[in-house]
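Let chain G serve as the given structure and place chain P on it in line with the hints.
Protein chains: 2
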Amino acid sequence: MEMPVPNTAVLSKKAAVVRRLSEVLPSDAVIHEEREVKAYECDALTAYKCPPLAAVLPSTTEQVAAVLKICHEENVPVVPRGSGTSLAGGALPTADCVILGVSRMNEVLETNYDDRYVRVQSGRTNLSVTGAVEENEFFYAPDPSSQLACAIAGNIAMNSGGAHCLKYGVTTNNLMGVKMVTMEGEILEIGGAHLDAAGLDLLGLICGSEGQLGVVTEATLRILRKPEGARPVLVAFNDNEVAGACVADIIKAGVLPVAIEFMDRLCIETTENFAQAGYPDCNALLIIEVEGSDAEIDMQLDLIAKIAAKHDPIEVRQSKSAEESAAIWLGRKSAFGAIGQISDYMCLDGTIPVSALPQVLGRIGELSEQYGLQVGNVFHAGDGNMHPLILYNANKDGDLELCEQMGADILRLCVEVGGCLTGEHGVGIEKRDLMVDQYAPDDLDIQMSVKDVFDPKWLLNPAKVFPLASSDARRVSSIAAE
Amino acid sequence: MEMPVPNTAVLSKKAAVVRRLSEVLPSDAVIHEEREVKAYECDALTAYKCPPLAAVLPSTTEQVAAVLKICHEENVPVVPRGSGTSLAGGALPTADCVILGVSRMNEVLETNYDDRYVRVQSGRTNLSVTGAVEENEFFYAPDPSSQLACAIAGNIAMNSGGAHCLKYGVTTNNLMGVKMVTMEGEILEIGGAHLDAAGLDLLGLICGSEGQLGVVTEATLRILRKPEGARPVLVAFNDNEVAGACVADIIKAGVLPVAIEFMDRLCIETTENFAQAGYPDCNALLIIEVEGSDAEIDMQLDLIAKIAAKHDPIEVRQSKSAEESAAIWLGRKSAFGAIGQISDYMCLDGTIPVSALPQVLGRIGELSEQYGLQVGNVFHAGDGNMHPLILYNANKDGDLELCEQMGADILRLCVEVGGCLTGEHGVGIEKRDLMVDQYAPDDLDIQMSVKDVFDPKWLLNPAKVFPLASSDARRVSSIAAE
Chain G
1 MEMPVPNTAV
11 LSKKAAVVRR
21 LSEVLPSDAV
31 IHEEREVKAY
41 ECDALTAYKC
51 PPLAAVLPST
61 TEQVAAVLKI
71 CHEENVPVVP
81 RGSGTSLAGG
91 ALPTADCVIL
101 GVSRMNEVLE
111 TNYDDRYVRV
121 QSGRTNLSVT
131 GAVEENEFFY
141 APDPSSQLAC
151 AIAGNIAMNS
161 GGAHCLKYGV
171 TTNNLMGVKM
181 VTMEGEILEI
191 GGAHLDAAGL
201 DLLGLICGSE
211 GQLGVVTEAT
221 LRILRKPEGA
231 RPVLVAFNDN
241 EVAGACVADI
251 IKAGVLPVAI
261 EFMDRLCIET
271 TENFAQAGYP
281 DCNALLIIEV
291 EGSDAEIDMQ
301 LDLIAKIAAK
311 HDPIEVRQSK
321 SAEESAAIWL
331 GRKSAFGAIG
341 QISDYMCLDG
351 TIPVSALPQV
361 LGRIGELSEQ
371 YGLQVGNVFH
381 AGDGNMHPLI
391 LYNANKDGDL
401 ELCEQMGADI
411 LRLCVEVGGC
421 LTGEHGVGIE
431 KRDLMVDQYA
441 PDDLDIQMSV
451 KDVFDPKWLL
461 NPAKVFPLAS
471 SDARRVSSIA
481 AE
Chain P
1 MEMPVPNTAV
11 LSKKAAVVRR
21 LSEVLPSDAV
31 IHEEREVKAY
41 ECDALTAYKC
51 PPLAAVLPST
61 TEQVAAVLKI
71 CHEENVPVVP
81 RGSGTSLAGG
91 ALPTADCVIL
101 GVSRMNEVLE
111 TNYDDRYVRV
121 QSGRTNLSVT
131 GAVEENEFFY
141 APDPSSQLAC
151 AIAGNIAMNS
161 GGAHCLKYGV
171 TTNNLMGVKM
181 VTMEGEILEI
191 GGAHLDAAGL
201 DLLGLICGSE
211 GQLGVVTEAT
221 LRILRKPEGA
231 RPVLVAFNDN
241 EVAGACVADI
251 IKAGVLPVAI
261 EFMDRLCIET
271 TENFAQAGYP
281 DCNALLIIEV
291 EGSDAEIDMQ
301 LDLIAKIAAK
311 HDPIEVRQSK
321 SAEESAAIWL
331 GRKSAFGAIG
341 QISDYMCLDG
351 TIPVSALPQV
361 LGRIGELSEQ
371 YGLQVGNVFH
381 AGDGNMHPLI
391 LYNANKDGDL
401 ELCEQMGADI
411 LRLCVEVGGC
421 LTGEHGVGIE
431 KRDLMVDQYA
441 PDDLDIQMSV
451 KDVFDPKWLL
461 NPAKVFPLAS
471 SDARRVSSIA
481 AE
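Chains G and P, in that order, give the protein sequences. For the first sequence, full-length UniProt numbering gives the first residue as 1, with consecutive numbering after it. For the second sequence, full-length UniProt numbering gives the first residue as 1, with consecutive numbering after it.
If we strip away everything but chain G, and leave its shape as in the complex, we get:
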């Protein structure tokens, strides 16, 4: 993709904007030196890079409001940033933008065990939310792989999930309220520590909106009581599609494990070489984890074993100790790192109805042959959230483009079987032009009109989520209309 580059007008505007921002923020919270802003040139989708005009690191909601008001007045785009772990380019700057980082806003503001919620500033990392309540035996459920680093702000922007979201839902199911600042600097309070919303439910709209509607500065999060225990079982199969069918049968039977994770032969072998988890020699495996008291765990695992037995597994490995449980999870948790050791890869994120797993896995195999690119499949199978890893060689001309084409084909396949372009990574810049495969023009137009309400000048997180073809026109006309 082409990135806008700084021109003279941009550079002369920079001085004015930085001066105004410095009037409302401490000096160490406004970053504008060229070598310093480079730290914000990309997120975890490192194929795309562009240093911003400046970056700011406010500490309060009021400072965020002051920054947005200035940028709105100056017509400067703003890219909100949590911890920069987006895999879809959600926090990628444009050359004329101010990065608004919430990392200094990481306080716990309120903890309420009676009503089971915690209120935090949005820059707090996912894992440290659980950290703040675990000595009282509570936890925050959504657990993206990046949970050590990723911020709640980013989790809300992308409606993040994780391995254990099959039972507890994704971010939207665990978010009770937010404080959000609009591009014009208005501070909104949306939702709270209660069941429902009166009037329009803006909270559901804001969760997953990828920084298009406002900057979330505080979040009220549902916390849950830790279960008594948890135990995984590993089931190995000779065939990807049979493993997929087994997942569909478990879900259909109404069992609700905490997680059902899938790995194919490429991932299993690569992981074994890397982490030596002792996985069986097989073409596909499932790791299924259940929770509860010992008796509840036994009951659920018995039922799962019975369902698995109907699919001719080559091994059903029950865990009999904490060590055995850790060994079962070791390979899965090492999978992305292991693949990264052997190749560059692109990690996709599509969601499909669970019953389509066998069909989609089969078709991905065919596409892999057709494009001549290897694909590793390792994903949250229980809720149909696929993460195919397409292997490519970044040093080989045209390989990235080939990989992107194949990725687009796989995501279109997800939509074709009744699924969705994204499960938890978001659209970002990565999938913006595929939105036309998911949505009819009327559907997209309504979404963009909702953005108009919150951000009439289209300054927030520019050039993302919506296809450039339609959204660019919108952006230009609204600025021209001033």
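Possibly wrong hints are sitting among the right ones.
Copies of the same chain are indistinguishable here, so a pair counts whether it falls within one copy or spans any two.
With a straight-line Cα cutoff of 25 Å, these simulated DSS-like cross-link-like pairs (lysine-lysine) come out [to be verified]:
1. Lys320 x Lys49
2. Lys226 x Lys457
3. Lys310 x Lys226
4. Lys306 x Lys252
5. Lys226 x Lys306
6. Lys167 x Lys226
7. Lys252 x Lys167
8. Lys13 x Lys38
9. Lys320 x Lys306
10. Lys320 x Lys226
11. Lys167 x Lys38
12. Lys167 x Lys320
13. Lys14 x Lys333
14. Lys320 x Lys38
15. Lys457 x Lys396
16. Lys333 x Lys13
FYI, nobody ran anything at the bench for these hints, they're computed from the structure. Given the structure is predicted, the values throughout are model-derived calculations rather than measurements.
Below, chain P alone, put in the same frame as chain G:
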């Protein structure tokens, strides 16, 4: 409240509109005779009545689109109507409106047990959704008291809950997708049989939007496997507030019953006289139901009994048979009917953080003395969804107004303790002017601006949800701007 009455302009417009509607609908689907439209003059909030200009009963999404297009062109307001069971006046007509009833659209369009969903036309009644899948041991979870009559369209409009929603969530947690027609006649497809939405999550916005954004004609609903069994326990207390504290402790302990229902002395005694359920002589009782296999049920009930024991219950009545379970539920299920036998009443619907139950119950008692009106408390305590029933005499001058004032005080109290004006009945006309107690002007303005996007002329379900003071001006100016 004052209702607009038909004037000459309205009557002359009526003939033109009816003629155009008759061109796109079968003749038996356009109702315009005075004595016939009277059937649509109110919903279950019968204190307010107003016959509409006409009523239409389309059978397809395309017919709905044609009706809305005509009404949009003619500037005729449209009030969508499910089964007319709204307790907040959500389907109350205005004199110049067309009622758009979806009752003829009640087909099951698709059933998919592998992916656990059913797709229905929105006029299908709640209970008959379960009816369509129960022979395969599945069910649809949200269960409003009116489930025999109420339509899925109304459930979506109000984000309906029910006694068993503590475990399974309310409508928004069980709705996967909709087909919706905007006031301008555009047909939108939102969501589907997959985990997440790409771009803005309009589905969450539409659920609970009370017919302000469009007319939902089809819904994709999550269905769940029926549990092996379920069993209630009845716990009786000497004191309302102690019962409230026991609920808070159960929730805090992380047990997740399917339902925790609360009844106070007025409700218990009235119900006993009416239904002879054999309830103990006590000031407050809880009915707590848990689900699962026999072993799971025993485990959960043991834990609940231990928690209850700490609150000095005067009786803990375990069920040992299906008959005993039915007897425990009999009184609760008869409560509204029993109160209706002895008095007129207004049923409120506020939601509070569970830990505020004791405080709010105490304050409701004080308000009852202050206003000189009796209050019965019977509600879904587990998720803090209160339904105080204020008793009044419809034949006594000023009693309804006094009751409404007291109701407003109770709902303001709910907001004050961190709760919300509504749990499942919606705002409708009943609470529109209380919205200013829940929301700051900026918050309300953003909600109204989102309505602007979907319904720029403010023709859909007029004079509801938003305070008249702000929304009326909006409506006038948008029509004047044509």
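Hints, one by one, checked against the model:
{"no.": "1", "hint": "Lys320 x Lys49", "verdict": "neither (48 Å within a copy, 67 Å between copies)"}
{"no.": "2", "hint": "Lys226 x Lys457", "verdict": "neither (45 Å within a copy, 50 Å between copies)"}
{"no.": "3", "hint": "Lys310 x Lys226", "verdict": "between (33 Å within a copy, 22 Å between copies)"}
{"no.": "4", "hint": "Lys306 x Lys252", "verdict": "within (14 Å within a copy, 34 Å between copies)"}
{"no.": "5", "hint": "Lys226 x Lys306", "verdict": "between (28 Å within a copy, 19 Å between copies)"}
{"no.": "6", "hint": "Lys167 x Lys226", "verdict": "both (13 Å within a copy, 17 Å between copies)"}
{"no.": "7", "hint": "Lys252 x Lys167", "verdict": "both (14 Å within a copy, 19 Å between copies)"}
{"no.": "8", "hint": "Lys13 x Lys38", "verdict": "within (19 Å within a copy, 65 Å between copies)"}
{"no.": "9", "hint": "Lys320 x Lys306", "verdict": "within (18 Å within a copy, 30 Å between copies)"}
{"no.": "10", "hint": "Lys320 x Lys226", "verdict": "within (21 Å within a copy, 31 Å between copies)"}
{"no.": "11", "hint": "Lys167 x Lys38", "verdict": "neither (40 Å within a copy, 48 Å between copies)"}
{"no.": "12", "hint": "Lys167 x Lys320", "verdict": "within (23 Å within a copy, 31 Å between copies)"}
{"no.": "13", "hint": "Lys14 x Lys333", "verdict": "neither (44 Å within a copy, 67 Å between copies)"}
{"no.": "14", "hint": "Lys320 x Lys38", "verdict": "neither (50 Å within a copy, 70 Å between copies)"}
{"no.": "15", "hint": "Lys457 x Lys396", "verdict": "neither (41 Å within a copy, 56 Å between copies)"}
{"no.": "16", "hint": "Lys333 x Lys13", "verdict": "neither (46 Å within a copy, 68 Å between copies)"}
When each numbered hint is compared with the structure, violations occur for hints 1, 2, 11, 13, 14, 15, 16.
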